[in-house]
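J.: One letter stands for each residue in the lines below.
Protein chains: 2
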Amino acid sequence: MAKIYLTDTTLRDGSHTVSHQFSPEDVAKVAKALDEAGIDLIEIGHGDGLTGSTINYGFSNYKELDVIRAAAGVVKRAKVTVLLIPGIGSVEDLEEAVHAGATAVRVATHVTEADVAEQHIKAAKKMGLWTVGFLMMAHMADAERVLQEAKKMESYGADVVYCTDSAGAMLPADVTEKISLLKANLSIPIGFHSHNNLGLAIANSIAAVDAGATYIDGSLSGLGAGAGNTPTDTLVAVFNRMGLEHGADLYKTMDASTEALAPVLLSKGVTAQTNLDALICGYAGVYSSFMLHARRASARFGVDLRDILIELGRRRAVGGQEDWIIEVANEIAQNKVK
Amino acid sequence: MAKIYLTDTTLRDGSHTVSHQFSPEDVAKVAKALDEAGIDLIEIGHGDGLTGSTINYGFSNYKELDVIRAAAGVVKRAKVTVLLIPGIGSVEDLEEAVHAGATAVRVATHVTEADVAEQHIKAAKKMGLWTVGFLMMAHMADAERVLQEAKKMESYGADVVYCTDSAGAMLPADVTEKISLLKANLSIPIGFHSHNNLGLAIANSIAAVDAGATYIDGSLSGLGAGAGNTPTDTLVAVFNRMGLEHGADLYKTMDASTEALAPVLLSKGVTAQTNLDALICGYAGVYSSFMLHARRASARFGVDLRDILIELGRRRAVGGQEDWIIEVANEIAQNKVK
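Chains R and Y supply the protein sequences, listed in that same order.
Residues in the first sequence are numbered consecutively from 1279, following the working numbering.
Residues in the second sequence are numbered consecutively from 1279, following the working numbering.
If we strip away everything but chain R, and leave its shape as in the complex, we get:
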């Protein structure tokens, strides 16, 4: 399987959840954590993209260029990415975003209207940006039509083209059909962006990868419009379990949720959604009854709770045996396990 590149959109699609009120300080905190976790593209800004801060889409209290500067000031490896919906934002807005530090753009249109992205994609390429074509509401067109529109974006110079399930309406079989056709007929990489309205965000991301997509979106704790996006934390865990190559570190991605994002959300009265204790139990293959004693052993021996659970899973522990948990924690503390 080809390497997967992850885009995290917590700070863009997720900003719908906080009515577009991520401050430059919030963005710096979360973007830094995502960058350190190895996420490849970090999308930031208003939920509706450049200059989305209007009476129609909801005003932000913060200046878009300050937000971009905040991200660009802390991100060392990832591409600082902005969303441009032609008709909301313009080529001039994109130029300003680039001066503020953006290094990639996703140019988004309705799935049947790629044409309106031509000048924006061409301009973005001239500015030297990594340029992604983003076909929204992809469930509304059949696979053949999605391909036609994607080919247009490819012909304008897009580096990647996305099939975007904006309404969270696609089933895995739909994803397989659309991505397979794109893969068979395009020379550029294919991306997939999901929403979790039908509880299928992770499954559809797997289907997309199986069909040949190599760019996959998520957001920390699944923050995003509707039922939210694919949770990046869960996505990384599942991709690890599938043995896929990608650049992200699972623990650091989880930490970005709990240590960077959660306090930011709490300050706005919003709660993060992924149950990370449950995630690590599922990842390790141990029942939730292990959690209590594992947490105690983690504190007692000063070792990461997750390391204990994963090692217990490896040893195929069945019940929540306290003695065994202590033994494992002790061995990890003494570096006998790795």
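These are computed hints drawn from the structure, not numbers from a lab.
Any given hint might turn out to be false.
For chains that are exact copies, the list does not tell them apart, and a pair is met inside one copy or across any two.
Think about it this way: if two alpha-carbon atoms lie no more than 25 Å apart in a straight line, the pair counts; the simulated SDA-like pairs of lysine to any residue are [to be verified]:
| id | residue 1 | residue 2 |
| --- | --- | --- |
| 1 | Lys1403 | Ile1333 |
| 2 | Lys1307 | Thr1329 |
| 3 | Lys1429 | Val1596 |
| 4 | Lys1546 | Met1569 |
These figures come from a predicted structure and were not determined experimentally.
With chain R's structure known, arrange chain Y on it following the hints.
T.: Positioned in the frame of chain R, the structure of chain Y alone reads:
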């Protein structure tokens, strides 16, 4: 595809979420709503099954037999189902449950220990119960071993045998492998029970059905241990979208979440999890920006919000056009749309 039979375990696995404190009144309210929604089996009782109310597993303030009576008193079509984990509960406990009104039992063992269920399954069959063998932590055994254990349960007389992903640790490919092997080698129907720790509960349920399972579990709003079970509401929506035959009504299942379960949870300080607005948008294939005007039109014309959204999806609406939404609501009110 064969008909699917749904088991809802809100009132059993979901009782972990409320520390096993569903009262007989709570159970009557939710069980009645589930029965009216067309759920085939309604599982009730302590999260750890018959006589689970102990210092080890957590005391309930309510008598188990009162809870069973409460359900049996309101359920007209579904099977009132109890869980029996040999070692926690006994054959005598099951007899009392039957006297109180239970009509089905799930006899549960660790995936490699079907043997301990022999006397319980045989006794249950003698009592005339619909008897389900329930192989827990199925991710810990390979497909061949799961089959061996399932065959034992079949030989004891089980009517159905379940592959149970207690830890939420299975990937769709694991489910496909295990269920396919069971399907090819057993004469009785196959069931699947999922947890959502890896965000794959719905996807794994689809994989199970595709591989031949006909009994699928869920719980309202995904209530349950760990990250919760497969949300029954979402499951019904996805099965409808897949064109599968099953007995449940989508709206009534959603109503069971919002009108029966949510007030019960609220009284215990717990919030239901499924975003049903987002679910219906994904089901209808419309973007969440429709919601505001659709809600207003629903109130103005006295028609179900869900009918409006589904009709807008059918008409392939793209934006959240207010005029169009009013037109659709008006037509529904005048019975011009059905």
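J.: Between the shortest in-copy and the shortest cross-copy C-alpha distance, which are at most 25 Å for Lys1429 and Val1596: within, between, both, or neither?
T.: Classified as between: cross-chain Cα gap 22 Å, same-chain 52 Å, threshold 25 Å.
J.: Which holds for Lys1546 with Met1569 at a C-alpha limit of 25 Å: within a copy, between copies, both or neither?
T.: Result: close only across copies, 23 Å inter versus 29 Å intra.
J.: At most 25 Å between C-alpha atoms: does Lys1403 with Ile1333 qualify within a copy, between copies, both, or neither?
T.: So Lys1403 and Ile1333 fail the 25 Å test inside a copy (31 Å) and across (66 Å) alike.
J.: Pop the pair Lys1307 and Thr1329 into one bin, within, between, both or neither, using alpha-carbon distances up to 25 Å.
T.: within (22 Å within a copy, 49 Å between copies)
Going through the hint list in order, the structure does not satisfy hint 1, though it satisfies all others.
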